[in-house]
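Whole structure, please, built from the sequences with the hints as guidance.
So the chains spell out like this:
There are 2 protein chains.
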Amino acid sequence: MKTATTLRAALVATALSTAVPALATPVDGSGVAWDIVEGLTTEIGPRPAGSTAEDRARDWSAAKLTALGFRNVRVEEFKTLAWQRGPERASLTAPYAQPLAITALGFSVPTPKGGLKAELVYFPTLAALEAAPEGSLAGKVAFIDHAMRAAQDGSGYGPYGNVRREGPTIASRKGAAGVVIRSAGTDGHRNPHTGVTTFAKDVKPIPAGAVSNPDADLIARTAARGKPMAIDLTLMGKPFPDATSGNVIADLPGRDPSLPIIVLACHLDSWDLGTGAVDDASGCAIVSAAALAAQAGGQTLRTIRVLWSGNEEMALSGGGGEHYAKLHGAEPHAIAMESDFGADRVWQVNFSHAPENKALADKVNAVLWPMGVVPHKGRAEGGADVEAIIAAQKLAVIDLGQDGTHYFDLHHTPDDTLDKVDPAALQQNVDVWTAVLKVIANEAGPIGKFEAAQ
Amino acid sequence: MKTATTLRAALVATALSTAVPALATPVDGSGVAWDIVEGLTTEIGPRPAGSTAEDRARDWSAAKLTALGFRNVRVEEFKTLAWQRGPERASLTAPYAQPLAITALGFSVPTPKGGLKAELVYFPTLAALEAAPEGSLAGKVAFIDHAMRAAQDGSGYGPYGNVRREGPTIASRKGAAGVVIRSAGTDGHRNPHTGVTTFAKDVKPIPAGAVSNPDADLIARTAARGKPMAIDLTLMGKPFPDATSGNVIADLPGRDPSLPIIVLACHLDSWDLGTGAVDDASGCAIVSAAALAAQAGGQTLRTIRVLWSGNEEMALSGGGGEHYAKLHGAEPHAIAMESDFGADRVWQVNFSHAPENKALADKVNAVLWPMGVVPHKGRAEGGADVEAIIAAQKLAVIDLGQDGTHYFDLHHTPDDTLDKVDPAALQQNVDVWTAVLKVIANEAGPIGKFEAAQ
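Which chain is which? The protein sequence lines are A and B, in order. All the letters of the first sequence, read from the start, carry residue numbers 123 to 576 under the numbering used here. All the letters of the second sequence, read from the start, carry residue numbers 123 to 576 under the numbering used here.
Derived from the structure by calculation, the hints contain no laboratory data. Please note: incorrect hints may appear among the correct ones.
The list cannot tell twin chains apart, which means a pair is met if one copy fits it or any two copies do.
As the list claims (entries may be wrong) - Keeping only pairs whose Cα atoms sit at most 30 Å apart, straight-line, the calculated DSS-like set for lysine-lysine is:
| # | residue 1 | residue 2 |
| --- | --- | --- |
| 1 | 262 | 323 |
| 2 | 485 | 516 |
| 3 | 235 | 360 |
| 4 | 360 | 239 |
| 5 | 516 | 560 |
| 6 | 571 | 480 |
Structural data, given as structure tokens:
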């Protein structure tokens, strides 16, 4: 599956040849997390799945992980369906001329040449759109408003994210020529939030975009005046098949290589609008710095593997997590964890484990209580980058829940940049992850499968 | 000077014909300020000087002031040099490919067709650029960093704003083919701050843009790595002469029309990137709502005039303030005031008056102390919309100083939208202005000239 460029082949060859003999001890975790976020955002920047920037990011990551003392650094490429942004702009043209800050949703199809000029029909909610008669939007553009509010656990992203995920299909079913939504985001800046949408197989894909919250407010105020609205919409992004993405994988081998390993995931790709600082360079930084810091008192018993996944953001047809499970599903894993919710402080822990591992969970909780991290009663789920390996091996999972109150201010926007990362909060993540890893990666007893009612 | 469209002619005719006989009492000030900001931002939006939107804004404003009970509502148009934005984008191309969030400065000239591709040279300060040898930037683009920090009184805009005002001339003098500055702004969003620059007569105007603070941080981090930087810069905005702008003027006549009047100014034009909510729809809203509220206990003794000025933002060759002084310099004025610093709360007052009006100043201070507004010892200056009439008549001036801590988060950016206006803070402005107007517009004694040492 590897389709390396000469450059990468050279880099990885260097990585493999130097990693094993030359490095006695991995560097400790201190400062590592910041360096990773700073480096990825400065030297790579936006790295959308399937792009040459994501390719450069894999080279950068392999070199970085090697330099940090990780072993078995591998780039594992795969083909995927991706999506590429094109020129985009929109204006209200009636009843008042107003430019709109808009961005296309991933897997939007392009508007016609010269733009889509159409009546804009306001729906206050997804339910209101669903209630519209079939065919009633023929030739029109639907606008879907909603009211996402910040929540510490990020739980608003489920219901309000559905406006983005399902709205375009519903609009198309009603005959709409295009759809515009209020961004699934909690900020008040003129930076719309992108993210993938999906079209059901039985509907025609249509151009789909999101406006910023201030622009959505403007549309809502305009709609309230009761005069017909019209939009001039240009969104030229489109899907492209057979793009190359890839995972970067690296190990810190344990004292007993025969024991099932701990896998820590994040994703290396980012949306194109920002530089992917909180989504998800921070996740890669946290898991990798913690894996290193867990070795500070001596090599852990179990191998810790980091998976910097490719194509998490556009993984409609299988992303890095799925590719990882395909290639590594036969290797025994003990516990999966993922960091993909920004860089704010960890405040809760959720451990889904086999009944016989209650004592292990108690040990984890015991180290976290003094750090202000409280146990949560729920199902740990990992995330997109580990869900396939979790499902394949029925893995125990630990979620370290971050404060997500401000995450959806930045998520999938141009504002996802380094200045939004608080170094102290980032280090708190590393410290919490390190504490957990010191317990679980040194667990000698068996770690059972988690056989939850699905 | 009036070059009205048929539509405006009709509107103003209606205004004039209905205003005088039909309206017994002006509406009170309550809710008026919000309605003005909401209306201008929703029904007009961006209204750059010389644009058709600014023209529509004059119609809107004349109709609004008439409906509110103002008399002698007049649109006074004038010709001016203006500037119109074009397509704009930029990327770092070396040592790392990174898109940049950029916007042109007003009076930038266009880049060559196909963009300006050049070495980017980092200067940490304006002083560092000034120290560069003559000709040393030939064919290159200068980047000027700086470190604007928020200040309650907005005083950072002087020195840091100079990077925008003077940087391009200095760069051109050194031979630069273009110049990019860190935005003169205190936020951390990917929304660059525009604003006019000027070129000295003896230098060649060059393309000039500003990047957002996160982008400036990125350039600074990249520069710190010590590798040569290159930029691909497209800024197609350009000046256009003989644009039509105009003032909207309206009076609330006093009981004694022979007394010199109180003039309250704001500006109706805005930058094109946002909808001009805090800069300066709020100012027009505050002065007009307060002028109305000052009549609540009965008509004031002196006439209060509001001046919604045209072309404040691009007034290199004379804006609305200058045109007002030209047309109305022969009418006796007593005191000038201006609101053009956002919509946050008033916290200080500064009254520059003739020595014989100390008792009047004491009365003003006495009504403001209980409102939490403290006297400031300094020179009241008014602002761009009243400086010409102040100079012409040596007017007394009262500045009601707003809290500007967050003003430069929004100033001249796409984020200058209605949601940034706190209705309670807006109303506090109206209340403070009303209290002042009730004193000064009912002052029966002479209000002297302010003959300061210039």
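Hints, verified against the model:
When the C-alpha separation of residue 262 and residue 323 is checked against a cutoff of 30 Å, the pair qualifies only within one copy, where the shortest distance is 21 Å, while the shortest distance between copies is 52 Å. Taking CA atoms no more than 30 Å apart as the test, residue 485 paired with residue 516 passes inside one copy only; the shortest distance there is 22 Å, against 79 Å between copies. In the homo-oligomer, the alpha carbons of residue 235 and residue 360 lie at most 30 Å apart both inside one protomer (14 Å) and across protomers (27 Å), since each shortest distance falls under that limit. With identical chains, the CA atoms of residue 360 and residue 239 are at most 30 Å apart both within one copy (19 Å) and between copies (28 Å).
Taking CA atoms no more than 30 Å apart as the test, residue 516 paired with residue 560 passes inside one copy only; the shortest distance there is 22 Å, against 76 Å between copies. In this homomeric assembly, residue 571 and residue 480 come within 30 Å of each other (Cα to Cα) only inside a single copy, at 12 Å, whereas the closest approach across copies is 84 Å.
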